[in-house]
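This is what each chain is made of:
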Amino acid sequence: MSNEQHEVILSVNNLKTYFFQDEGTVKAVDGASFEVYKGRTLGIVGESGCGKSVTARSILRLEEKPGRIVDGEITLLREDNSTIELTALKQNSRDLRAIRGSDIALIFQEPMTSFSAHYTIGNQIIEMIRLHQNVTKREAKDLTIELLRRVGIPKPERRIDEYPFQLSGGLRQRVMIAMALANNPRILIADEPTTALDVTTQAQILDLLRQLQEDTGMSVILITHDMGVVAEMCDDVVVMYLGRVVETGPVDDIFHNPQHPYTRSLLTSIPSVLAEPRTKLPTLTGAIPHPYNRPQGCAFHPRCSEFMPGKCDHFTPHLQALDASGIQHVSCFLHHEPVAESAEHIS
Amino acid sequence: MLAFFIRRILLGIVTVWAISVISFIVIQLPPGDFVDAYIAQIASTGGVVATETADQLRSQYGIDQPLPVQYVKWMSRILRGDLGVSLEFRVPVREVIGDRIWLTMAVSFGAILVTWGLALPIGIYSAVKQYSIGDYVATFIGFIGLAIPNFLLALILMYFGFKWFDLNVGGLFSAEYRIAPWSWAKVWDLIKHLPLPVLILGLGGTAQLIRIMRANLLDELHKPYVITARAKGLSETRVIMKYPVRAALNPFASTMGYLIPFVVSGSIIVATVLSLPTIGPTLLRALIAQDMFLAGAIILLLGVLTVIGTILSDLLLMWIDPRIRLEQH
Chain A
1 MSNEQHEVIL SVNNLKTYFF QDEGTVKAVD GASFEVYKGR TLGIVGESGC
51 GKSVTARSIL RLEEKPGRIV DGEITLLRED NSTIELTALK QNSRDLRAIR
101 GSDIALIFQE PMTSFSAHYT IGNQIIEMIR LHQNVTKREA KDLTIELLRR
151 VGIPKPERRI DEYPFQLSGG LRQRVMIAMA LANNPRILIA DEPTTALDVT
201 TQAQILDLLR QLQEDTGMSV ILITHDMGVV AEMCDDVVVM YLGRVVETGP
251 VDDIFHNPQH PYTRSLLTSI PSVLAEPRTK LPTLTGAIPH PYNRPQGCAF
301 HPRCSEFMPG KCDHFTPHLQ ALDASGIQHV SCFLHHEPVA ESAEHIS
Chain B
1 MLAFFIRRIL LGIVTVWAIS VISFIVIQLP PGDFVDAYIA QIASTGGVVA
51 TETADQLRSQ YGIDQPLPVQ YVKWMSRILR GDLGVSLEFR VPVREVIGDR
101 IWLTMAVSFG AILVTWGLAL PIGIYSAVKQ YSIGDYVATF IGFIGLAIPN
151 FLLALILMYF GFKWFDLNVG GLFSAEYRIA PWSWAKVWDL IKHLPLPVLI
201 LGLGGTAQLI RIMRANLLDE LHKPYVITAR AKGLSETRVI MKYPVRAALN
251 PFASTMGYLI PFVVSGSIIV ATVLSLPTIG PTLLRALIAQ DMFLAGAIIL
301 LLGVLTVIGT ILSDLLLMWI DPRIRLEQH
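Protein chains in written order, with our numbering: chain A, 1 to 347; chain B, 1 to 329.
By construction, these hints were calculated from the structure, which means they are not laboratory data. Fair warning: there could be bad hints in the mix.
EDC-like mimics (lysine to aspartate or glutamate), calculated; alpha carbons at most 20 Å apart, straight line [what the hints assert, rightly or not]: (1) B:K223 with A:E63; (2) B:K223 with A:E64; (3) A:K16 with A:E73; (4) A:K38 with A:E85; (5) B:K242 with A:E73; (6) A:K65 with B:D135; (7) B:K223 with A:E110; (8) A:K27 with A:D80; (9) B:K129 with A:D313; (10) A:K38 with A:D235.
In silico negatives: residues of chain B with every beta carbon more than 12 Å from chain A [stated by the list, open to error]: (11) V69; (12) Y159; (13) G171; (14) L196.
Quick partial rundown of chain A residues pointing at chain B, CB under 7 Å, derived from the structure [claimed, not checked]: (15) P66; (16) L89; (17) N92; (18) R97; (19) F108; (20) A117; (21) H118; (22) L131; (23) V135.
Just so you know, even glycine gets a beta-carbon here, dropped at the ideal spot from N, CA and C.
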């Protein structure tokens with residue numbers, strides 16, 4: 001995605017996060033590359049277990065043992081136009097902690113378990129503000145009330161003293177968003193922010209996120225398995241399968257001109273109001289392979305409708321520009337031939 | 001919250017009453033009574049007790065009456081604050097227990113402080129650095145601590161204390177203060193004697209509590225809210241101490257109530273070995289002699305302490321965990 005008109009704020013290059021377990025190594029993220037543009041929303045989509053969440057956590061260096069980033073670069077453009085290499089920093093180092101919650105903030109899927117039940121929401125947000133801004137307790141409290149009002153929490157001056165378990169799921173996710181916005185982050189990573197919510201609340205939360213993005217001009221990385229959410233929210237899309245990026249491009253190209261067989265089958269699985277009633281949705285055949293048992297060659301070949309024997313199961317495809325414009329990238333032998341030097345011959 | 005508290009107090013009173021009935025029955029369970037035990041004791045030294053004397057003793061102490069009557073008499077005296085007279089020592093129970101109960105509390109309290117003071121940090125370290133060398137060392141020492149009986153530890157420490165440091169290791173007081181009235185010098189003497197028994201009594205519980213703390217914290221360490229805290233940019237120490245440790249403290253608070261009677265009753269052998277003037281050995285002796293008023297009073301006292309401890313731990317739990325506090329409305 002060498003898109004000239006937009007400024008790259010975060011670039012992830014060949015990221016590999018592996019989990020070293022007694023049973024074997026799980027390559028949760030295995031060479032993911034993508035770019036996040038200023039003021040735009042990037043959607044990362046894929047089935048569960050494709051490495052979306054691990055990618056999101058790896059960006060903030062929140063990967064947990066036995067997981068470790070083994071390779072790749074994550075380059076962040078800072079406010080003063082300098083760049084910083086996040087994979088070079090030590091986990092929990094001072095430099096990294098200055099970025100967490102300040103430059104890049106994170107929203108999780110389950111707002112109930114993502115808050116501590118032992119402290120009021122006010123306590124947890126004020127802590128976040130005072131960690132990165134030099135303000136008094138009083139000022140931080142006022143800021144918190146303002147934030148809660150901004151995300152649409154009624155009576156924020158009272159809610160601030162309540163505990164997370166006293167709020168409904170939708171309100172909790174709003175509080176989560178308020179906390180993430182506390183230090184005006186330039187990038188917001190939302191990891192399945194609506195998955196745990198009911199449909200009406202989902203729509204409200206997505207509206208809120210879009211509104212806040214318009215107001216602040218921040219970049220958003222939206223991680224989801226829901227193509228509907230992608231269509232509604234995103235400017236750019238990254239499609240992941242088994243820890244690798246299989247296709248990237250602007251949302252219109254991905255939806256109207258999908259190139260990878262996996263992207264196509266994901267798109268056909270969106271229910272449509274125009275469809276005949278009581279017809280079955282097309283489903284992807286087979287299941288995601290066991291993480292210890294990754295297929296050779298292109299990891300998608302056992303489930304692929306356009307599997308080419310001798311090619312897809314022997315060589316590993318790499319992400320390459322679809323055409324000269326360089327807008328859309330795809331990793332599939334339908335679009336490029338195995339290259340002797342870059343492909344690893346396995347058999 | 002007030003209603004919850006009042007309910008707890010009422011339940012506590014009912015529990016204490018039930019304890020009094022059961023302890024009274026249990027004390028009467030062994031065949032014979034105090035007079036039989038007394039006769040046997042006299043006989044073992046070659047003396048003889050006449051039947052009339054025995055009957056006289058029985059009617060004097062009221063132990064010839066039916067059990068329910070005895071119980072009611074006993075309880076009504078206790079409610080008036082009179083614990084009765086020790087049959088064996090022939091002095092009021094209050095005097096026999098007297099200082100012993102406070103010394104017991106001092107030793108128990110010290111032991112609990114040692115237990116918590118050691119178990120909390122070691123447990124946290126073991127969980128955070130799971131499978132590190134430090135964790136294995138703590139686990140190893142912990143299991144040894146669990147496996148060695150306290151009294152054996154007491155004997156070993158007494159031996160080395162005597163051999164290497166020339167310490168006078170038995171008891172809680174030096175000889176000159178043993179029967180002296182309370183004074184600052186005596187308190188200082190007590191403080192000097194406390195560490196050894198407190199350490200010995202504390203260590204057994206410590207090993208257990210390290211395991212509990214480690215397991216609790218391991219459960220909490222990978223919960224999403226910990227990642228949230230890290231994603232804020234908090235330092236690792238702040239993250240762990242403020243969030244998962246707080247959540248892992250719940251079981252600590254809820255077991256506090258049982259610690260007091262556990263330390264008291266579990267310390268009988270240690271107290272005997274170390275010749276501590278605490279309540280444990282007295283209870284043992286009273287039970288052997290079938291000194292029902294003394295034994296009954298001690299068991300009742302332990303029961304009351306347990307109930308108070310449980311109520312305190314409930315309050316502590318409410319203070320620690322807002323979910324418990326707020327769901328009582």
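Sort out which numbered hints this structure fails and list those numbers smallest first.
When the structure is compared with the hints, numbers 5, 8, 9, 15, 16 and 23 turn out to be violated.
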